[in-house]
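Trainee: Required output: the full structure, derived from the provided sequences and hints.
Protein chains in written order, with our numbering: chain Y, 1 to 204; chain V, 1 to 204.
Among these hints, one or two may not hold up.
As the list claims (entries may be wrong) - Derived DMTMM-like pairs: lysine to aspartate or glutamate, alpha-carbon spacing no greater than 20 Å straight-line: (1) 154(Y) x 191(V); (2) 23(Y) x 34(Y); (3) 198(Y) x 3(Y); (4) 199(V) x 164(Y); (5) 154(Y) x 164(V); (6) 198(V) x 158(Y); (7) 198(Y) x 161(V); (8) 199(V) x 3(Y); (9) 199(Y) x 164(V); (10) 199(Y) x 168(V); (11) 198(V) x 34(Y); (12) 198(Y) x 168(V).
Hints in this document: simulated from the structure, not taken from any laboratory.
There are 2 protein chains.
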Amino acid sequence: MREKGLLIVLSGPSGVGKGTVRKEIFARPHTAFEYSISMTTRKPREGEVNGVDYFFKTREEFEGLIKQDKLLEYAEFVGNYYGTPVDYVRETLEAGKDVFLEIEVQGARQVREKFPEGLFIFLAPPSLSELQSRIVTRGTETAEVIQRRMTAAKEEIEMMDLYDYVVENDTVAAACDRIGAIVIAEHCRRERVSARYKKMLEEN
Amino acid sequence: MREKGLLIVLSGPSGVGKGTVRKEIFARPHTAFEYSISMTTRKPREGEVNGVDYFFKTREEFEGLIKQDKLLEYAEFVGNYYGTPVDYVRETLEAGKDVFLEIEVQGARQVREKFPEGLFIFLAPPSLSELQSRIVTRGTETAEVIQRRMTAAKEEIEMMDLYDYVVENDTVAAACDRIGAIVIAEHCRRERVSARYKKMLEEN
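Mentor: Now the structure itself:
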């Protein structure tokens, strides 16, 4: 009677600090997630190791995997492909381990379609909740600047609609604590626990 | 822009250790919940203080409150009423504080009707998940004993259906950690956070 793992997807606007939060999570001693290594067609930088930092592939190999539907999500940035191999994710989840992805928002959208039951966490800039006090307290901003900020904030808030949780990245440590709490809580969700108990009874 | 507090309801089968878990939660230095003190018609025991351990009321007063719909939930045990005053709960939630109730399952059912948005946590006996290994490893049990246990387990699992989360009381400390994580996670739920952000934008 083994419970399937959780697919944990951390995403958010570019520049919000997803990579820093992910590194801190995996630097913590009690983290029990498996990190899904991305695949890319870009050249390895000095010190980067195949299978550790990325799986490095040729453009032909990558496009072959796209055709075979072997990528959970992928995107092209500045002429290079980046993506998440789906087999590793499925096998690790089946083995009862939680898998952690840190990806861009477009990628998260693709993952949601394939794994609607995943746990989607949006990392939000603290600027969002600071916005109000900044607008109120600073009298130096022009109406145009304020308007631009409001529009940007609106776009970010709309982006959130895809997600289950929003974690503010006020400090890296606090954001990591919240993400850890969310994963613990999700493992306690009644649907999940009671399905496990029911299965146990049926098997006896 | 103040966020409403969460109503946290801890319940579970009698004898599971709800009171012990609740005491440990409130003994922890970082607990920021308000504990809702129950009301009762039973006589104070030695050392019990009105307004600390319980609000002690006469039978007439209690029945008056029932008629005025001033109780969030109530029940009668061995000739005495026990209940949760609703005004304190509403006012504390409105003030943005989380309120914690530790009540019997019948009470939890009444609260769910009045506060469907509450956070309902079922404290489960570890015997439930130990059941399988016990059945498999011990050859000494009669079929009748096993059957009785399975029936009891089924009833407890059905009880869970009302709840959002199930926390196993394997150790008091672990159960309290999980409850703490659940509350943190709930405060990060997207609906809750994005509603707050949206309200902030509208107010500017």
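Trainee: Indicate, hint by hint, whether the structure satisfies it.
Mentor: Hint by hint, here is what the structure shows:
no., hint, result
1, 154(Y) x 191(V), "holds, 15 Å"
2, 23(Y) x 34(Y), "holds, 13 Å"
3, 198(Y) x 3(Y), "holds, 12 Å"
4, 199(V) x 164(Y), "holds, 19 Å"
5, 154(Y) x 164(V), "violated, 31 Å"
6, 198(V) x 158(Y), "holds, 9 Å"
7, 198(Y) x 161(V), "holds, 12 Å"
8, 199(V) x 3(Y), "violated, 39 Å"
9, 199(Y) x 164(V), "holds, 19 Å"
10, 199(Y) x 168(V), "holds, 17 Å"
11, 198(V) x 34(Y), "violated, 34 Å"
12, 198(Y) x 168(V), "holds, 15 Å"
Checked against the numbered hints above, the structure violates hints 5, 8, 11; every other hint is satisfied.
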